[in-house]
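Number of protein chains: 2
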Amino acid sequence: MFSVCYGELVSGSFQMESAELTVEDTEPLVGHSGQESLTGAGACDGFLYGGCPEWDPRACARGGRPRQLAEALLNPLQFITGAHDAWSGWVCVLLVGVCTGVVAGVIDIGASWMTDLKFGICPQAFWFNREQCCWSDNETTFDHGNCSQALGGSRDGPGAYIISYLFYILWALLFAALSASLVRMFAPYACGSGIPEIKTILSGFIIRGYLGKWTLIIKVVGLILSVSSGLSLGKEGPMVHIASCLGNILSYLFPKYGRNEAKKREILSAAAAAGVSVAFGAPIGGVLFSLEEVSYYFPLKTLWRSFFCALIAAFILRSINPFGNEHSVLFFVEYNKPWIFFELIPFVGLGIIGGCIATIFIKANIYWCRYRKYSKLGQYPVTEVLVVTLVTAVVAYPNPYTRMNTSQLIYLLFNQCGISNSDPLCSDYNRNFTDVNSAIEKAAAGPGVYRAVWLLFLALLLKLVMTVFTFGIKVPCGLFIPSLALGAIAGRIVGIGVEQLAYHYPKIWLFSGECSTGDDCITPGLYAMVGAAAVLGGVTRMTVSLVVIMFELTGGVRYIVPLMAAAMASKWVGDALGKQGIYDAHIALNGYPFLDSKDEFQHTSLAADVMQPKRNETLSVITQDSMTVEDVEALLKETEHNGYPVVVSKESQYLVGFVLRRDLNLAMANARRLVEGITGQSLVLFAGGPPAGAGGAGAGALPPLKLHRILDMAPITVTDQTPMETVVDMFRKLGLRQTLVTHNGRLLGVITKKDVLRHVKQMDNEDPNSVLFN
Amino acid sequence: MFSVCYGELVSGSFQMESAELTVEDTEPLVGHSGQESLTGAGACDGFLYGGCPEWDPRACARGGRPRQLAEALLNPLQFITGAHDAWSGWVCVLLVGVCTGVVAGVIDIGASWMTDLKFGICPQAFWFNREQCCWSDNETTFDHGNCSQALGGSRDGPGAYIISYLFYILWALLFAALSASLVRMFAPYACGSGIPEIKTILSGFIIRGYLGKWTLIIKVVGLILSVSSGLSLGKEGPMVHIASCLGNILSYLFPKYGRNEAKKREILSAAAAAGVSVAFGAPIGGVLFSLEEVSYYFPLKTLWRSFFCALIAAFILRSINPFGNEHSVLFFVEYNKPWIFFELIPFVGLGIIGGCIATIFIKANIYWCRYRKYSKLGQYPVTEVLVVTLVTAVVAYPNPYTRMNTSQLIYLLFNQCGISNSDPLCSDYNRNFTDVNSAIEKAAAGPGVYRAVWLLFLALLLKLVMTVFTFGIKVPCGLFIPSLALGAIAGRIVGIGVEQLAYHYPKIWLFSGECSTGDDCITPGLYAMVGAAAVLGGVTRMTVSLVVIMFELTGGVRYIVPLMAAAMASKWVGDALGKQGIYDAHIALNGYPFLDSKDEFQHTSLAADVMQPKRNETLSVITQDSMTVEDVEALLKETEHNGYPVVVSKESQYLVGFVLRRDLNLAMANARRLVEGITGQSLVLFAGGPPAGAGGAGAGALPPLKLHRILDMAPITVTDQTPMETVVDMFRKLGLRQTLVTHNGRLLGVITKKDVLRHVKQMDNEDPNSVLFN
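Protein chains in written order, with this note's numbering: chain X, 1 to 774; chain C, 775 to 1548.
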């Protein structure tokens, strides 16, 4: 049970099922009704895997709108059914969007209130968070510490400071302990960010319970608690998981989606987009994130629906308005100055720095997670959470930049210094503001700025170390916000450096053009934004979606080029230093059976090299008309394959079709129970015609067991000379589960997805046995 | 030659080639070197069609970056080659982006200057367009008519008016005649928007010369002329074609892309994104347009590169700054008021109106284009252009809204009425502006507004009719701008209506909430924007890309929800009234062999129903070791298939592989010429082993012709029981050219893409013979 995030995955909890129903095996799938549709080999799914589920296959193929309108005149009932069928997808994503927006609002409000609880409660109204409390009455104090001290201002004395410190640590420990215990007790899958697992699920696998209601509830509660505990984690990644849970649960209201895994994945893709959309207020970025990063196979027809879902979710969240600000974007920025062309040099530099920070983070995090997985540490998840929380709280409190909410920190760093900005980062410049709208004059940084930079540098180191230890502990935790914070700190430091360089050396040719006037030509906040994009890009290897998210996040339309330059540099540096992004690295670490659709397979092996059985082994096959019930039962007992090829005869091995183990099991059991005269000696017939030894043979007296209805007569085949490049491509694009290998029409072997995954690992010089499989 | 836009397509000008080289057949593709790679069945392409071209297949599979870095230490030369190979894609799209930006700048400047030429020249500096001329000297006149009369102000008298009128018509005719003649004489493919053809090309076909340098040059010059002539057309669609030409031409600088059609398509996808990007200043929208509308198969790995290309192009164009405005967006709008929730009702209404207008436009245009195609009209393209131009010019001039540049009209309609807006649409309200920043008060519309609305209504009708006759004439013409204009007019009219309704009936419950104050609560400009999106969405059936383009086009971040509501309503209405968007309708009209990847195939036919040969016909096959050179030559002469399956023997028909007609032809010719002892009686061997009748047969004395190197031993096969749904899916996703149909390992027949296309047409009750094919 404690599989996915808990390091070891209990064998069998991965179901290599695909487009079938998620029903238990006890349900008589292959009864006497609906068998026909299983023969149709499920091409109505985007993926070709399995069968069209047992309801009417015509409902499976969606009717075109005009035809439905015409039919409406003939049969109103049919029209209503048809319309329901056609609209159910839209209604479903609408519901997913609305619920995601509401849940995101709950999380935002809850996390905001509880985070401020660590600093005290509002004496007037305990349900206010600090901002609301201070807002409602300018003169009020916020329990221990008045409102203005938010960013490390003066205290009432060492005693009060220590009390605040202790309260802070105690609340943090309480929240973290609650979160970890809830996760441990009720929903082990609720830990982590969930994105690697959702990628795996969308690539065609089922992890039972991963998107269930308990996971949802505990993830929401645990996320509020873990964010409030001040750990170095964000709520954005888990929002994707939460939205996917909602998508999964709501899809059961619509049989067309709930009962067909392939169709359900369309809803899940849309839900993932909605998750990112509410996390950042970025609907377009959310869709692109789902397209680029999460979804394995993204049919274009669902693009529009995903966008709708993402937009609804963002709209609902904005109507709830949990932050109480009027901008729809999370970190709204407005800079007076456009960027200058030469600034591309520091921006690319920031990209390189971001790529390096990201690589350090990924390598260290993977090292630590591997250590956790294979050592005793993994057995004490709650203790680990408490220790990490304690260390984080103790170290973070003294530094105002680590003590404050990470989102607030990012917002502060992104901001341009203005008249209203009282943080030492801005206030200690030797400049006088005359008017809100006037240009900001160039100025030398005072000692307060240097002290702030020094604190920021410490915060960078601290956050980097703490995030390495945090991402992977057993509470809901995402790393978008920590990554953005790391990058924003680095960017702001670089920005202040470039700004001071331009102030002190205005004659350098770089600065001589645009910086020769008295105005400040460098905006350190922009550097923070670019740096944030660089680190996030390096960690996740997002590209287009990253730029779009940053652009939606900040509303900075003019800064696409700098963002893009940094993201490109960061990705290239990241790719050069280490192959995988954090999600792919975690997928590999956990051994999820994920066949990456972006990597090119670049080896020259052939299908014959990969297929099972290897030389000197025999292939388990069923003949179409010469095996008895006992033979088949023996075969089922001896072998554990998920399915068996059916051939003309043992000698000739010409391929007839493919039959699934599950179907065969059920059909045999049902037949023995329900059909009269079936004994162990009855012939099993897959062909429509008379049996091979008909009439003469001893078994002829018994009525044969006709099973041609469960035979898939259209298995996908390749020849033994097919390059593995092509085979991998077919597995990816057609979503195959297995393919049969033939030579001149004769069956030679089978290649399953497991074989392909192992082969890919082997070719990449990795351990092929690290792939988890049922 | 006058095929694509000229209605009739000369048979044979379509080459159903695919991933092979675009060389002429005379080049000895199958010589004595590089044959091996043809056996590899080209899985290094996104599409599986053809062979890996004749250079080193290892270069074809891209090396990973880290491996290259390691190799660099071992062999610097190899590193440089490898780096060039890895980087060539980036360099290529960089060049495409830069060139697209420059060409777009040239077109914008040229079209702007020549459009204004119709109204006179600048006396001070003839190379100034009107805006620049009037800008440089406030008191100057612009030849006939001073600067302020741009929007239909007072004239110097009827005489001057008539002179202006005549000048306008003459210039228009001159430009149109030049454009049409250039297209007719030098590059017939340069006409139209080019998007249907590019969709077809990206789906895997080759139209020779369609993306060549002459098409490019003539399209650029012709586009400037035809835009300037005042016809109801836009330059945005053709920009996609121009960018694709640039992509095609520049890809020849990089052998990896220039010599492989599948790789080249990646460049073309990126180029299409760049085209939209420069057309609208919308890089993200461009990428989504390419993804959603143009590209058939869009591998995610090229997403980032396309975005880069689009961004570079937009950046270059902005640096050129052809419009001289500081906003990077085309129709920058800023509204004081956010939209109100109840306004969704009129927005959805606008969507419905937009869908209806779009459907009327598509049906009428297709009707007229079909008439042109099958009547004598098609033989007089230049005359037709002149007549349309004459009518347009005569009718358009008197109405100020049709006389002005369509882009200016759209900008005017999108705008909010402000203090500086002197058009009667805004100036004739009974309100006084006190301050630029103050809220706009509610006001009753004066008679000038009603007159303007009336003129707008006439303009709507006129533009609709003229665009129907214009889209399809033999000059470069796009319909983004006309569609936007139609929608903007309709939207503005509706907006003024709602505004006046809210003014006159402020007590209606809808308006009672937000409109009860004295400020104007309805912004007619926003309605224009929403209406524009609705019509464009109805015409092209774009969805996400439309919303993103509109949002980038106008900079209106807050208006995604209204845009989306209208786009959805419009698309649904459009889909209900007529199945296809304008591009798909033109593809169907011209019979391009395009297998739509978005339509679901929803019939229950099987591969056996579609394959060739039908019952009572024989399949042309080659046996692996029992046919002589003469037999094969006879078969090649008798049949015209593009390729032949190779089977074990005529009797057993077990499938061995597939050989292309072209390879076979060349191999036979080469062998006869170069290999000694090959006569008509020599056996043709495709198998590695000894021939069937080895030793004993009469032909045994002759050395056999061994052709196993040109045999594709990995053809894609399906069984006869495979549902066509699956087969269509395989054709789409794997980009197949043909698939072989087997039953129990025996070859039954072949399904080519042509068969699939015909079958799809037949199932949709359309004429299957309308599909063009070589």
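Read the hints as simulated data drawn from the structure, not as lab findings.
A couple of the hints might just be wrong.
Residues from chain X that face chain C, not an exhaustive set, calculated with beta carbons under 7 Å [stated by the list, open to error]: (1) 316; (2) 364; (3) 368; (4) 656; (5) 722; (6) 748.
With a Cα cut of at most 35 Å, we get these calculated DSBU-like pairs of lysine-lysine [claimed, not checked]: (7) C:987 with C:1030; (8) C:1075 with X:761; (9) C:1075 with X:301; (10) X:579 with C:1150; (11) X:301 with C:1528; (12) C:1137 with X:761; (13) X:363 with X:376; (14) C:1528 with X:256; (15) C:1411 with X:363; (16) X:301 with C:1411; (17) X:373 with C:1075; (18) C:1480 with X:301; (19) C:987 with X:650; (20) C:1480 with X:614; (21) C:1424 with X:301; (22) X:579 with X:256; (23) X:301 with C:1150; (24) C:1150 with X:256; (25) C:987 with C:1150; (26) C:987 with X:706; (27) X:706 with C:1075; (28) X:637 with X:507; (29) C:1030 with C:1480; (30) C:1424 with X:614; (31) C:1150 with C:1137; (32) C:1424 with C:1147; (33) C:1424 with X:650; (34) C:1075 with X:256; (35) C:1353 with X:579; (36) C:1411 with C:1281; (37) X:256 with C:1535; (38) C:1480 with C:987; (39) C:1528 with C:1150.
C-beta atoms are modelled at their ideal positions from N, C-alpha and C, and glycine is treated no differently.
Each hint, compared with the structure:
no. : hint               : in the structure
1   : 316                : violated, 11 Å
2   : 364                : violated, 19 Å
3   : 368                : violated, 22 Å
4   : 656                : holds, 6 Å
5   : 722                : holds, 4 Å
6   : 748                : violated, 11 Å
7   : C:987 with C:1030  : holds, 20 Å
8   : C:1075 with X:761  : holds, 21 Å
9   : C:1075 with X:301  : holds, 20 Å
10  : X:579 with C:1150  : violated, 63 Å
11  : X:301 with C:1528  : holds, 24 Å
12  : C:1137 with X:761  : violated, 55 Å
13  : X:363 with X:376   : holds, 21 Å
14  : C:1528 with X:256  : holds, 33 Å
15  : C:1411 with X:363  : violated, 64 Å
16  : X:301 with C:1411  : violated, 45 Å
17  : X:373 with C:1075  : holds, 32 Å
18  : C:1480 with X:301  : violated, 48 Å
19  : C:987 with X:650   : violated, 61 Å
20  : C:1480 with X:614  : holds, 30 Å
21  : C:1424 with X:301  : violated, 45 Å
22  : X:579 with X:256   : violated, 39 Å
23  : X:301 with C:1150  : violated, 40 Å
24  : C:1150 with X:256  : violated, 52 Å
25  : C:987 with C:1150  : holds, 31 Å
26  : C:987 with X:706   : violated, 65 Å
27  : X:706 with C:1075  : violated, 48 Å
28  : X:637 with X:507   : violated, 84 Å
29  : C:1030 with C:1480 : holds, 30 Å
30  : C:1424 with X:614  : holds, 32 Å
31  : C:1150 with C:1137 : holds, 21 Å
32  : C:1424 with C:1147 : violated, 47 Å
33  : C:1424 with X:650  : holds, 24 Å
34  : C:1075 with X:256  : holds, 32 Å
35  : C:1353 with X:579  : violated, 46 Å
36  : C:1411 with C:1281 : violated, 84 Å
37  : X:256 with C:1535  : holds, 28 Å
38  : C:1480 with C:987  : violated, 42 Å
39  : C:1528 with C:1150 : holds, 30 Å
When each numbered hint is compared with the structure, violations occur for hints 1, 2, 3, 6, 10, 12, 15, 16, 18, 19, 21, 22, 23, 24, 26, 27, 28, 32, 35, 36, 38.
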